[in-house]
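Peer 1: Taking the hints into account, I'd like the entire structure generated from these sequences.
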Amino acid sequence: MKSDIQIAQASEMKEITEIAAQLGLSEDDLKLFGKYKAKVNLDVLKRLPEKEDSKLVLVTAITPTRAGEGKTTTTVGLGQALNRIGKNAVIALREPSLGPTMGIKGGAAGGGYSQVVPMEDINLHFTGDIHAIGVAHNLLSAVIDNHIKQGNELNIDPTRVTFKRALDMNDRALRNTVVGLGGTINGQPREDGFLITVASEVMAILCLANDLMELKEKLGKIVVAYTYEGKSITAHDLKVEGAMTALLKDAIKPNLVQTLENTPAFIHGGPFANIAHGCNSVMATKLAMKLADITITEAGFGADLGAEKFYNIKSRYADLNPDATVIVATIRALKMHGGVDIDNLKEENLSALKKGMANLEKHIENVAKFGVPAVVAINRFPDDTEAEIELIKKECHKLGVKTALSEVWSKGGEGGEELANKLLDILENEKSQFKFLYQTDSPIKEKIETIAREIYGAEGVEYSDKALNQIDKYREEGYSDLPICMAKTSSSISDNPALKGRPTGFKISINEINLSAGAGFLVVMTGPVLTMPGLPKRPSSEDIDIDADGKITGLF
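If you count the sequence shown from 1, position 378 lands on 378 in UniProt numbering, and the numbers rise without skipping.
If you are wondering where the hints come from, they were derived from the structure by calculation, not from laboratory data.
Check before you lean on any hint, since a few could be wrong.
Here are the simulated lysine-lysine pairs, DSSO-like style, with alpha carbons at most 30 angstroms apart [stated by the list, open to error]:
1. Lys46 - Lys35
2. Lys87 - Lys35
3. Lys51 - Lys431
4. Lys249 - Lys14
5. Lys422 - Lys402
Peer 2: Okay, structure coming up:
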């Protein structure tokens, strides 16, 4: 079979104005980026307030493994399948980051015959959103150091600057740096560091803002440093939120592209789910919900991360009420959770599969805690046996959850029709009773421990002295009512990446808690979570190439 990029390059795309017309949008509603990409102007949302919102479906997954789960592929294939059976469905996804694209992950635009295109553009610079976010972020960093150099009117303590710089690339050498070297002309020497741009609070803010002015207001609330007396300093204090917003005036507009089968897709925003909240922008989701009858969106990694944050953070701030959830699972990954080595996944192993089902069972339970009905999508691989497929169906039936075989990777929308029909049955016959896991006015520790106990299955939570001091400080400063954004490994439901399946008898360790006052949540750091990833020994960039005609190869 052809590689993903070969399939994408052989596809027949429609001009983006045709895709927009399917949604009732004219060329005047768009800012074109060539023939196949466009941004949708913000006034479209203002023009469509009377239309009833579409049904909202979240696609999530079991705990990721090296065997692959195919969450984005399933999201794209499901959207294509719904349109094949006569439904007006639109997809809303996150934008890929160059760090993982050039690092260990490769492309992030679906796979096989369920992809969004133009695949090369989406995976590389796309419409420049992430670059714009990085520039706005680093403008704020530059203003902080310039303020200190130019007299420090706000009395900022250089040792208490909390806002790091950002770069959209995996570069471990930049995790901890020193800036301002070379004499007084270059500023005040101090320790600093870099985040990957998708971990930036600016990215989180853009994805949670409902309009341009709310974006500016949220940017102004970013706490960047503390004075010698311990008073917090914000971007508003530095008078920089207006300039930052000006840099983001186009980045906030949702991007419209299409799938291989010409299903409309909004791809906008890309916060990491193991660090930030892991969902595409509120504006893209709301736009899709005004223009379609069914909106299919996703959240990063497993349901313990992306889905939990989609429900507790994004849905809270955007006033969303999810109607259904699709939980993607593969037999290969479940066998890994059952103890099988990655080299032996092709062999039928019912005992390991049944053991690994505990991971899927926990994610099913977690989704149910939010009152949202679910269907399990069994993302089929060629080596899956009928006995293994039947085992998953039988175990899910015991749990009262529907299942559907998904073959969207090899067959596109046609391979997702069973899943589409099972989903429609839920949307038509089961009423979502969506609810939050916790109330924001609960104490900080109570919110953290609720997530740890209910979602991860932990026996308790252990706090470092630093974390306990930060909890006290944030309570005193009036930030205790914010939602919790857990920064945790994606490789386990626990905070230990080595614990597969459904771990028990563990405690969650909290190292520190970072304030994202602009985005509106507290980032709770558990275990060895890195906000600036590194490249692997053999990065994906070694496979990516381009010929004299500009044709790219090796991009997944």
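Peer 1: Next, verify each hint and record whether it holds.
Peer 2: Verification of the supplied hints:
1. Lys46 - Lys35: OK: lysine 46 and lysine 35 at ~26 angstroms, within 30 angstroms.
2. Lys87 - Lys35: holds (26 angstroms)
3. Lys51 - Lys431: holds (21 angstroms)
4. Lys249 - Lys14: holds (27 angstroms)
5. Lys422 - Lys402: holds (7 angstroms)
Violated hints for the displayed structure: none, as all numbered hints are satisfied.
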